[in-house]
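Chains P and A supply the protein sequences, listed in that same order. Using my numbering, the first residue of the first sequence is number -9, and each one after it goes up by one. Using my numbering, the first residue of the second sequence is number -9, and each one after it goes up by one.
What the hints contain is simulated information worked out from the structure, not anything from laboratory work. Among the hints, erroneous ones may be present.
Same chains, same names: a pair is fine if it fits in one copy or spans any two.
[Unchecked claim] Derived pair list, reagent style DSSO-like, types lysine-lysine, alpha-carbon separation capped at 30 Å:
| hint | residue 1 | residue 2 |
| --- | --- | --- |
| 1 | K240 | K27 |
| 2 | K100 | K240 |
| 3 | K2 | K240 |
| 4 | K17 | K253 |
Computed from a predicted model, the values in this text were never measured in an experiment.
Protein chains: 2
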Amino acid sequence: MVFEVATAAWLKASAERVDAAILESFKHLSVPAQGLKEAMLYAATGGGKRIRPLLVYATASLTGRSLDDVPGIDACAVAVELFHTYSLVHDDMPCMDNDDLRRGRATVHKAYNESTALLVGDALQTMALGLIADSSMADSQKIRIISNFTRAGGLEGMAGGQAIDLESVGQPLTRQALETMHRLKTGALLRSSVQMGGLAIDLSDEDLNRLDQFASSLGLLFQVVDDILDATADSQTLGKTAGKDAAANKPTFVSLMGLSAAKELANNLHQEAIASLGIWGENAQLLRLIADKVLHRES
Amino acid sequence: MVFEVATAAWLKASAERVDAAILESFKHLSVPAQGLKEAMLYAATGGGKRIRPLLVYATASLTGRSLDDVPGIDACAVAVELFHTYSLVHDDMPCMDNDDLRRGRATVHKAYNESTALLVGDALQTMALGLIADSSMADSQKIRIISNFTRAGGLEGMAGGQAIDLESVGQPLTRQALETMHRLKTGALLRSSVQMGGLAIDLSDEDLNRLDQFASSLGLLFQVVDDILDATADSQTLGKTAGKDAAANKPTFVSLMGLSAAKELANNLHQEAIASLGIWGENAQLLRLIADKVLHRES
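For reference, chain P alone in the conformation it holds in the complex (with noise of 0.2 Å):
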């Protein structure tokens, strides 16, 4: 039983699932751009916390079915991985945030070039959606998940939260605003990861509305902990640059609230996300298990 390993363990096993997925989704590719592929790949397989395929896959464990007998389901966590992966080789270039550190490494247009960061990032969302047109679903759920999943990527999900993001630096922001933000820039793709895992087992409306609510406190949570360690933690824990946020002046959760008020709210948010499993009972074991983490996070 898949609930048995709802520990660190299963964290663990899961990541290296995606990861060897990943991999794996490079291997049939015919390419003659071998450099832009090896780009891609520098860029996909860096670590990472994987938070986005870990929600992929435990919510597709809610029902207690094995993953291996849910068919596409890596290749969604693949892509949603994929996605943000494309969204932080961008969101690193000059023109953006120009950072140089990302998962520990040199961002890939340090590492490269930023014509090269910039076809990756482009390579990897086209790459993202083909996985999943291209994998063992059925045609109906494929499109219920690529409906989901570009909508929460695009125009009115994190890319708009993104250049809401980029306007807002050096603007004065009230907490609801910066809340907007960061459900569109963060939240979206969180939420979208959870309905990919729960189409994938075809879950009613029903539940996949519960869970959406999971997913929107869960979200919100992950971007107030984000806000709390760049304030509170070193780069060389982080594995990016800290404190980066404050020297860009950009607004956050810390500077609206204060570190304490806003700690309460992470802990007001895992209390939320927690609660709206509470119909799941013991089957919901691992998605608690990725809300704690989100809470307790180092980096």
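Take the given structure of chain P and dock chain A to it, following the hints.
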């Protein structure tokens, strides 16, 4: 009947049709990031030849069906144009071709800024794929189209061709290598446009393969003519910076073969394309019209 209007009037009407469909596709978006939406519209509504939507429409007209009776055909036309537009916006950026002029207007990073141009391209790509997923075609058609489209647009297609293009600046390149690069960079998406139109009207695999021969010749023709125009036309006629390939020391069909041999190649490719349409006789009038236009265009 559609064939009676197979003239310049059809080209104009079809370009207007996709322009209207592009505007319509933005109307339904609920968007907190108005600035990004505006910049996406700026990029997507700047005119252009609309050659990819024309190919979608002309192919979907092959069996004489009215476009109004082909579910999802406007979504396909808009999707391929938005995807193409994303590639132009990124291609114009300073780290790529660093171009100030596109379709006779300021490029997106000049009219707005670099970070906006990056996000505009990213979000246009996402939107393009979402439009197909949300269209009124059958799920099985959508999936075949998305699968073909993502293969054509990604590492194995357009993005891969872009990478080879960047690597080849200042390098000696054989005619064969130049052709491979262009078959990916420009050809793949033109071929995908034709496949979309054919899949939308449920053509047989045999017919789809025949059409792919046409599209493959047309794609290369398109690029050879591009190179001829870059060497012979002025910026005002082109609506983009002329002579930039020579200035950037990029290999072109003209620089490798000379102008006169490049013109002969263009004529041969045009004849090949037309010959591939043989079995469709009069029904292929619109596709022939597009091939003529690609050969004889002045911008």
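Evaluated hints:
Only between protomers do K240 and K27 lie at most 30 Å apart by alpha-carbon distance; the minimum there is 22 Å, versus 34 Å within a single protomer. Within a single copy, K100 and K240 get their C-alpha atoms as close as 23 Å, and across copies as close as 25 Å, so both meet the 30 Å cut-off. Taking the closest pair of Cα atoms, K2 and K240 never come within 30 Å of each other, the shortest separation being 33 Å inside a single copy and 48 Å across copies. With identical chains, the CA atoms of K17 and K253 are never at most 30 Å apart, being 43 Å at best within one copy and 40 Å at best between copies.
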